[in-house]
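These protein sequence lines are chains A and C, in that order.
If you read the first sequence in this note's numbering, its first letter stands for residue 29, the second for the next number, and so on.
If you read the second sequence in this note's numbering, its first letter stands for residue 14, the second for the next number, and so on.
These aren't lab readings, by the way, just hints derived from the structure by calculation.
From the three backbone atoms N, C-alpha and C, an ideal C-beta is built for every residue, glycine too.
Be aware that one or more of the hints could be misleading.
What the hints assert, rightly or not - Here are the in silico distance ranges between beta carbons for each label pair:
1) A:Leu66 <-> C:Ala452: 51 to 59 angstroms
2) A:Gly512 <-> C:Leu66: 52 to 60 angstroms
3) C:Gly194 <-> A:Ala632: 49 to 57 angstroms
4) A:Tyr749 <-> C:Glu334: 17 to 25 angstroms
5) A:Gly590 <-> C:Leu474: 48 to 56 angstroms
6) A:Lys186 <-> C:Ile142: 37 to 45 angstroms
7) A:Leu719 <-> C:Gly194: 49 to 57 angstroms
8) A:Val435 <-> C:Glu334: 50 to 58 angstroms
9) C:Asn111 <-> A:Glu561: 53 to 61 angstroms
Claimed, not checked - Calculated pairs, DSSO-like style, for lysine-lysine (alpha carbon to alpha carbon, straight line, at most 27 angstroms):
10) C:Lys364 <-> A:Lys186
11) A:Lys186 <-> A:Lys557
12) A:Lys325 <-> C:Lys364
13) A:Lys469 <-> A:Lys381
14) C:Lys364 <-> A:Lys183
15) A:Lys789 <-> A:Lys183
16) A:Lys325 <-> A:Lys385
Unchecked claim - One-sided excerpt, in silico: chain C residues whose CB lies under 8 angstroms from chain A:
17) Met51
18) Leu174
19) Ala176
20) Pro244
21) Ile288
22) Pro399
23) Leu408
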Amino acid sequence: MMLAAVISGFLVGGVAPWVIRYLGDSRGSLALAALPALLFVYFASFVSSVAGGETARMVTPWAPGLDLMLSFYVDGLSLSFALLISGIGTFIVIYAGSYLHDHPQLGRFYIYLLGFMASMLGLVLADNIITLFVFWELTSLTSFLLIGFNHEQEKSRKLAVQAMLVTVAGGLAMLAGLIMMAVVTGTFELSEMMAEPDVLKAHAHYTIITILILVGAFSKSAQAPLHFWLPNAMEAPTPVSAYLHSSTMVKAGVYLMARMHPGLGGTDFWIITLSLFGGVTMFLGVFLAIQQTEIKKVLAYSTVMALGTLTMLIGIGTDGALIAASVFLLAHAFYKAALFLIAGIIDHEAGTKDITKMGGLRHSMPITAAAATVAGFSLAGIPPFFGFLAKEMLLEATLDADLLALVLTLLAVGAGALVVAVAGIVVIRPFYGAKVETPKKPHEAPMAMLVGPLVLGLFGIGFGLMPGLAERTLVGATAAAMAGEPVDVTLYLWHGFNLALLLSVIAVAAGIFLFLNWNRVRARLEGVKAFSESYGPEAGYWRGLDLLNWVAFWQTRILQNGYMRYYLITIVMTMVVLTLYAMVTRATPQLATTLTGVQIYELAIALIIVLAAVFLGWTHSRLAAVASLGIVGFGVALVYVLFSAPDLGITQVLVETLTVLLLVLVLFRLPEFLDLSSNAVRLRDLGIGLLVGGTMTLLLLMIGDVQYFEPISWYFVENSYPIAQGRNIVNVILVDFRALDTLGEIYVLALAGIGVYAMIKLRSEDQSKGGPR
Amino acid sequence: MTQDLATIAPELFLAVSAMALLMLGVFRGRESTGLVLMLSVVVVVITFALVWLAPSTRVVVFEGLFIRDGFGAFMKGLILIGTGVSLVMSWRYIERENMAQFEFPILILFATLGMLMMVSANDLMSLYIGLELQSLSLYVIAAFRRDTLRSTESGLKYFVLGALASGMLLYGASLIYGFTGTTNFDDLAAAFAETRAAGEMPSLGIIVGLVFMAAGLSFKVSAVPFHMWTPDVYEGAPTAVTAFFASAPKIAAMALFGRVMMGPFGDLVAQWQQIIIAISILSMLLGAFAAINQTSIKRLMAYSSIGHVGYALIGLAAGTEAGIQGLIIYMTIYLVMNLGTFAVILCMRQKGRMVEGIDDLRGLSRTHPMMAAAMAIFMFSMAGIPPLAGFFGKLYVFLAAIEAELYVLAVIGVLTSVVGAFYYLRIIKLMYFDEPVEAFDRPFGREMNLVMGVAGALILLFFVFPSPILEGAEIAAAALLAG
């Protein structure tokens, strides 16, 4: 059942183009929205049992016996995410039908969108780490396709690749971390890993595992310094931004950290890393947000802030912080998805994304304005909205943090002030104040586009006024899943007069001040923006790509230049290095110093070979070179003969003779030597030659401990008469013991003869026909 | 003797049929090319059936020269699939490119025979004979278009460098023989097991011999730094030949590499592990970085194959049964992806001429949506994006590496996967997001569509039914280590 629920998105997505074709854009999208709605109902059926502290695990064997299981796990954390994914997904599907009305590729859009939803559900519900990773990368993949959906612009193609690369890179690091966890704990199931928290924390590789997992989580959830891809991903159609890049996919990293918290969290390393990265991201995100003027960019950077906040809260890891994270997770999903959808409505109805070019839109679109106001208040953290509750708990959590409390609180207050300004920028500026001419004449959006923001706004108010509802259903179970043990949760909207409230009031006041002076603030920050554009992490990304191209270019230049001599040099030198390495590391340096039994004529032959070789490199005459090469070969043949291998010697002589003859014949027809190689090249070749020769000599001197095996000649001597009835041993060997060899040789010779005959015959035929010689 | 012959039935059949077809070609002349090619495919299919039907028990015949086991059967199956599909794909190509000579399929059959021998070698002698039969045939095939400079140049380069590599292999083999007195794999294994049990270090001669053999084999699998022939030969050789080069011989060389290292030298793992780790890392790095700004799809595939060999070698470097299983899975998936990709490349023709530029794929999703979808599947799979098959290949070798505590190897593998993803994604971006250029000539031919479709489906749906390949590889790996 769970498996069917997860993959249903792929199946329904597969038929989406036909649904759209037969039912039309609006009715088709409504029909498709039934799937996420049904899934929402299905997941909602788990709420009561999960809120009661139960968990459920469903396993389907995938590749049995190989640790591959399609296992799913339902607890508070995964259920919260699943409900958000299916719930918001319902509105997004309806909204997109209207937003992309008459888009020729709407069907394809739904394939990707529903595919994404299925992947995301799989990600948060997966218990098996391989399953988790598969779905993790599938979300990157569908996100890639969705960002590149409007691919008419060169920019959106480039940025689609960027988002994909950053998240895939992180995902692979995470995979390495996950596999290491599996090796350490001996299981591939997350629930089993988390059940024994001390195993991982006590292991020697704990730090490496944590770093790898965090790299994956940070890249996906856009933590600084990997945050740059998220605002760039705003090239995607707005429903996609609302769904993937604010409420679901970007939270996958947060989900991962939350999921890992029982097993990896709570150590100083974890607390400090997450708190600092999260805190900095939180502040940086919202700081960058107020520098933007495009509404989607502002929202994107404020999403970066939210992700930082969640990371920080998971890092702090106290019960209060985890509860705050659970609350913040829900609150943020409600208001941010709504705001994105509203941004899409403005773009759709008024024709611009630039905030400085809009104003007074409430007159023409009152309902949108109302929904925007609700979401904006929640974002700013004004009571009685759910966002207020989240912010209060955030401040309390930073104040109570075990480590770095002061730093984190300051960052949180700063971010709180800036986020109030952001709320003003995205809500008050476009909708209130004087009316500004927009490219299109604005009018109210259709119902399909409004239902999402309205319902999400209602949730924001509802949970704000009745926090007990959230507490009883999801928040407690989510926090318990993160903590790995039951957590005592009581939510109040009003916490009384305390330090957190005071800080909150300061933040709101400062935020209002910032908003009123937005234009001036932006002008002041121009320099910072320019600096971060040329030296920030994104510039690093582009430089990195340039570097890749540069490396590729030079490897072609140097290694793969098409000249065979360089290829040969590389191979030969590699062998020298490998051999020397083996000699140094694998053997005691022990040279055979005394060479006994060397005869004078052997030395003479050796000398002749060496002299011929030297002459070969020296001469400028081709014929002389060939002749001296021949001398080397014949010398070697003589050595064979002297060491009682006459057959080998004879073969060598034959081959040598043939080679020399062929070379002479071929080279004779070629033009004179052109003195191509310079002295430097010759010197280099000399060096390489000496090195290779020296290495081989050294090798031979070092392996003096050759074992000699019984020669097989005695076998022939003893058996040639008794077995083969012959006294001439050589004859017996040829025609008896190695009869098949001889047959083969005769056959080869005969074949060669036929070949030669055929060539001569063909040639004479050609000549008689007057063909070319 | 009967058992000997019965055991080598597939090889025997292939050899005899290839020679019969050669005679047919000689007597019927140039017009017989189509017939010979068709019959060659039939021969490959029958040989495949013979391999398939043979019992999978381990048998050593011909005085220990030849072995038949589960590992060999699996790898031979892959090789024959590679050969068969390559032959089918070259059908139209050789007609169009004016290289329709009956020697072409015959040479491929002989190369395949050499490969089967390599996989079943149980002795340094039979190893070398199989290897050379394969190599000599391949040299000729690479230079098959004698009238074009590129093809002849690539054939010559391949031959000279290949001869050097064979020389190194032989030198290594003679050192091994000199220090052990045997060339038989089982005897070698026993001798080294003894050395290891006694806690002794093998003598320097053996180690250097091992190094030389490893180097020669690395050349055959085109691992860095013995890879330089690959881009030049892939680019220079006719595309149908490149498709063949990238499939069957890679599998055979890799199988041989695994057989030699895990069989006779299995107890010397401490001696060769570092070498394999080094060439694996270098191959992955070079495969990833060098491919980036290539403009020819054939060169890109060459670097891609170097990279893939690097990943597969991770499995060998682990030196465990899990590692070999990873290697087998990797090569299986590699074969399918590669054949599919080359089917696409072979269809890249504009106005009757082959085009090879990566830019020629621009906007393919608009001009040929199905072909673009298939190519996208192959590229995503090569990039190792789940749930496509390529991911599982990587997964199993990484798993093996981490279990063998080769963390550096696994981490570099992961990093280079990211760089590799960059250029595979670029191709997808070109196909899906860019403005179309000229459409390719139609029709592609039914067999091309079939290869693309089947390969695409296999890669896409691997995750649904992974068991046959995963378990087949498990059995094959166990069979290799049982010896």
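Hints, verified against the model:
| no. | hint | verdict |
| --- | --- | --- |
| 1 | A:Leu66 <-> C:Ala452: 51 to 59 angstroms | violated, 42 angstroms |
| 2 | A:Gly512 <-> C:Leu66: 52 to 60 angstroms | holds, 56 angstroms |
| 3 | C:Gly194 <-> A:Ala632: 49 to 57 angstroms | violated, 32 angstroms |
| 4 | A:Tyr749 <-> C:Glu334: 17 to 25 angstroms | violated, 52 angstroms |
| 5 | A:Gly590 <-> C:Leu474: 48 to 56 angstroms | violated, 41 angstroms |
| 6 | A:Lys186 <-> C:Ile142: 37 to 45 angstroms | violated, 53 angstroms |
| 7 | A:Leu719 <-> C:Gly194: 49 to 57 angstroms | violated, 31 angstroms |
| 8 | A:Val435 <-> C:Glu334: 50 to 58 angstroms | holds, 51 angstroms |
| 9 | C:Asn111 <-> A:Glu561: 53 to 61 angstroms | holds, 56 angstroms |
| 10 | C:Lys364 <-> A:Lys186 | violated, 31 angstroms |
| 11 | A:Lys186 <-> A:Lys557 | holds, 21 angstroms |
| 12 | A:Lys325 <-> C:Lys364 | violated, 46 angstroms |
| 13 | A:Lys469 <-> A:Lys381 | holds, 14 angstroms |
| 14 | C:Lys364 <-> A:Lys183 | violated, 32 angstroms |
| 15 | A:Lys789 <-> A:Lys183 | violated, 68 angstroms |
| 16 | A:Lys325 <-> A:Lys385 | holds, 15 angstroms |
| 17 | Met51 | violated, 28 angstroms |
| 18 | Leu174 | holds, 6 angstroms |
| 19 | Ala176 | violated, 11 angstroms |
| 20 | Pro244 | holds, 6 angstroms |
| 21 | Ile288 | holds, 7 angstroms |
| 22 | Pro399 | holds, 4 angstroms |
| 23 | Leu408 | holds, 7 angstroms |
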